[in-house]
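A.B. asks: Just so you know, we're using my numbering here: the sequence shown kicks off at 224 and counts up by one.
Quick caveat, the hints were computed from the structure, so don't treat them as lab data.
Certain hints may be false.
Stated by the list, open to error - Distance windows between CB atoms, simulated: (1) Asp328 x Leu307: 14 to 24 angstroms; (2) Leu307 x Pro254: 13 to 23 angstroms; (3) Asp327 x Arg300: 23 to 33 angstroms; (4) Arg291 x Val253: 27 to 37 angstroms.
This one's a predicted model, so the numbers in the text were calculated from it and none came from an experiment.
Where is the CB? At the ideal position from N, CA and C, for every residue including glycine.
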Amino acid sequence: MSRQRALADAHLPDALAAWILAAAGQRPVVPGTLADSPAPDTILEVDSMVVTLTSKDPTDWQPGLRLRLSVGGRLVRAWDGEELGSWVWEQDGPEARFFAWGKDDARRFRDELARAGEALATEMIADLF
Numbered sequence: 224m225s226r227q228r229a230l231a232d233a234h235l236p237d238a239l240a241a242w243i244l245a246a247a248g249q250r251p252v253v254p255g256t257l258a259d260s261p262a263p264d265t266i267l268e269v270d271s272m273v274v275t276l277t278s279k280d281p282t283d284w285q286p287g288l289r290l291r292l293s294v295g296g297r298l299v300r301a302w303d304g305e306e307l308g309s310w311v312w313e314q315d316g317p318e319a320r321f322f323a324w325g326k327d328d329a330r331r332f333r334d335e336l337a338r339a340g341e342a343l344a345t346e347m348i349a350d351l352f
């Protein structure tokens, strides 16, 4: 249950936008929610982020699980909607047992979610610029 609460507490759409803006640094990235921003040439359309705990060994009854973040996106030209590129980005973290992910109010889960989210955003910016 603490992992579900940690996931809800993360507010992933807002967190992903913040991670992307932080990773962009001085690059021209503007959140789509700013009404007074100049009209963009291109728009990054981002799918919902998928968060899973995965095992590389489906036969193991007590596997080590990795937190995996994945998100798809496509870059479109603003004036005509033509797709300029599409990507799927993924980040895998270190292994831990299922109960370890929920221990201490899901501290490991929360920390790894933040680390993987920042790494995912850095990868996204590297691909786009």
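A.B. asks: Out of the numbered hints, which ones does the structure contradict?
C.D. replies: 1, 3
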